[in-house]
Amino acid sequence: MPTEDLNESRNQRGSDLDRWEAQLRKGCLELAVLAALAPGRSYGLEIIRSLERYSDLVLSEGTVYPILNRLREDGLLTSSWVESETGHPRKYYSLTRLGYERATRMAEVWMQFTSGVSALIRPLLPEQMEKVR
Amino acid sequence: MIMTNDPLEIYVGRFQASLPSMTLAERQDIVDEIRSHVHDRVAAHGWSIPEVLERLGPPETLAGEYHRGNLLVRERFSLLVLLRIAFAAVVTAFHGMFLMVVAFYGYAGALVCFGLLIARMLFPEQTTLWMTQDWDLGMGADRPPDATVFLANWLQPIAFGAGAVLFSLTTLLLQRTWRSMQRWYRRATGPLEVPTLSGARKAVSSVLREFRDARSRLIRVRTRWQNS
Numbered sequence: 064m065p066t067e068d069l070n071e072s073r074n075q076r077g078s079d080l081d082r083w084e085a086q087l088r089k090g091c092l093e094l095a096v097l098a099a100l101a102p103g104r105s106y107g108l109e110i111i112r113s114l115e116r117y118s119d120l121v122l123s124e125g126t127v128y129p130i131l132n133r134l135r136e137d138g139l140l141t142s143s144w145v146e147s148e149t150g151h152p153r154k155y156y157s158l159t160r161l162g163y164e165r166a167t168r169m170a171e172v173w174m175q176f177t178s179g180v181s182a183l184i185r186p187l188l189p190e191q192m193e194k195v196r
Numbered sequence: 061m062i063m064t065n066d067p068l069e070i071y072v073g074r075f076q077a078s079l080p081s082m083t084l085a086e087r088q089d090i091v092d093e094i095r096s097h098v099h100d101r102v103a104a105h106g107w108s109i110p111e112v113l114e115r116l117g118p119p120e121t122l123a124g125e126y127h128r129g130n131l132l133v134r135e136r137f138s139l140l141v142l143l144r145i146a147f148a149a150v151v152t153a154f155h156g157m158f159l160m161v162v163a164f165y166g167y168a169g170a171l172v173c174f175g176l177l178i179a180r181m182l183f184p185e186q187t188t189l190w191m192t193q194d195w196d197l198g199m200g201a202d203r204p205p206d207a208t209v210f211l212a213n214w215l216q217p218i219a220f221g222a223g224a225v226l227f228s229l230t231t232l233l234l235q236r237t238w239r240s241m242q243r244w245y246r247r248a249t250g251p252l253e254v255p256t257l258s259g260a261r262k263a264v265s266s267v268l269r270e271f272r273d274a275r276s277r278l279i280r281v282r283t284r285w286q287n288s
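Taken in sequence, the protein lines are chains C and P.
When we follow the working numbering, the leftmost residue of the first sequence carries the number 64, and every step to the right adds one.
When we follow the working numbering, the leftmost residue of the second sequence carries the number 61, and every step to the right adds one.
Among these hints, one or two may not hold up.
[Claimed, not checked] Not everything, but these chain C residues come out facing chain P in the computed CB check (under 10 angstroms):
1) S78
2) D81
3) W83
4) G125
5) R135
6) E146
7) T149
8) H151
9) K154
10) S157
11) T177
12) L188
Because the hints were derived from the structure by calculation, they are not lab data.
The beta carbon of each residue, even a glycine, is placed where N, CA and C say it ideally should be.
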């Protein structure tokens with residue numbers, strides 16, 4: 064295979080992997096947002112900060128606000144505007160009872176799912192590959 | 061129209077224009093939250109407004125996320141949704157047919173007028189318009205003896221004017237029809253508002269939410285007034 068074709072093929076695989084990773088992050092963002100609100104009420108930037116602290120889920124800050132809006136419409140969150148010390152109002156979100164139940168259930172499903180997939184992919188990890196060699 | 065160079069206002073303007081159909085209060089709430097985020101980022105990290113806006117992503121993409129969110133949550137398959145989509149498809153098809161007919165006849169007419177204008181310059185004799193006493197119309201150098209020439213030197217400016225008017229009117233009509241088609245499409249794919257029990261419950265909770273928001277705004281205004 065010519066070098067140019069090989070590079071193009073590598074780039075294609077790279078972008079496929081990026082797309083898959085982006086979809087994976089987006090998929091668990093809803094759970095992460097609910098989890099970030101589990102300790103108590105919080106506003107947009109604070110939620111983004113806690114997501115950034117514990118994970119690298121936030122690719123674009125803009126993705127968080129539509130999710131918060133949707134979760135609120137679903138009755139999983141409530142929101143209220145509160146005047147901040149910086150002089151401008153902030154929209155605070157908190158989990159409703161339904162939201163808390165949903166988050167707990169999602170966390171259980173997540174744990175089951177990830178433990179199953181983790182066991183399945185273990186042979187693919189570098190240290191396991193070394194043992195095989 | 062108010063013109064501004066403020067990057068935040070420009071961003072908010074584009075964002076608002078791309079948001080899906082929703083109540084004014086919902087729209088204002090979303091826009092206020094984005095403004096609040098920008099002010100928070102600037103205050104907390106010392107970033108410039110353009111930097112914060114860049115991290116938020118393009119306004120149209122951000123607004124699109126709200127649209128997709130609405131579609132995923134609100135639209136569920138039902139006979140009514142199916143009927144709406146079918147109706148929207150029929151209306152879109154009519155719009156499409158109208159667009160095609162208008163574009164064809166409008167631009168073809170304009171082309172004929174401009175063609176006549178050029179032909180008149182190149183072949184003045186062959187493009188002379190005449191009319192007989194029996195009201196028969198014709199064009200060309202070979203005309204009956206009783207025919208009188210009309211629009212002699214006026215043909216060129218009239219052909220140019222008619223061509224320009226036809227071209228402009230057709231373009232305007234196409235633009236309007238296109239916008240109307242998009243409006244119909246947005247209505248068909250936008251949030252469904254039907255008088256169901258869950259809808260009524262949602263409406264009540266929405267009214268309550270708006271009432272709470274209005275009250276908290278009132279409190280904010282009062283606090284500001286007291287502080288000042």
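Hints, verified against the model:
Annotation: S78(C) was flagged as interfacial toward chain P, and the flag is violated, the nearest CB pair being 18 angstroms apart, outside 10 angstroms. At its closest, the beta carbon of D81(C) sits 16 angstroms from a beta carbon of chain P; the interface hint therefore is violated under the 10 angstroms criterion. The interface hint given for W83(C) is violated, since its Cβ lies 19 angstroms from the closest Cβ of chain P, which is over the 10 angstroms cut-off. At a threshold of 10 angstroms, the smallest CB-CB gap from G125(C) to chain P is about 4 angstroms, leaving the interface hint in force.
At its closest, the beta carbon of R135(C) sits 9 angstroms from a beta carbon of chain P; the interface hint therefore holds under the 10 angstroms criterion. A cut of 10 angstroms between beta carbons decides the hint on E146(C): the least distance to chain P is about 5 angstroms, and the hint holds. A least Cβ separation of about 5 angstroms between T149(C) and chain P falls short of the 10 angstroms threshold, and the interface hint therefore holds. The interface hint given for H151(C) holds, since its Cβ lies 5 angstroms from the closest Cβ of chain P, which is under the 10 angstroms cut-off.
Given hint, K154(C) at the interface with chain P, holds; its Cβ is 5 angstroms from that chain's nearest Cβ, closer than 10 angstroms. For S157(C), the interface hint is violated, the least distance from its beta-carbon to any beta-carbon of chain P being 13 angstroms, above 10 angstroms. For T177(C), the interface hint is violated, since its Cβ never comes within 10 angstroms of a Cβ in chain P; the closest pair sits about 24 angstroms apart. Residue-level restraint check for L188(C) is violated (minimum Cβ-Cβ distance to chain P is 33 angstroms; threshold 10 angstroms).
Hint violations for this structure: numbers 1, 2, 3, 10, 11 and 12, all remaining hints satisfied.
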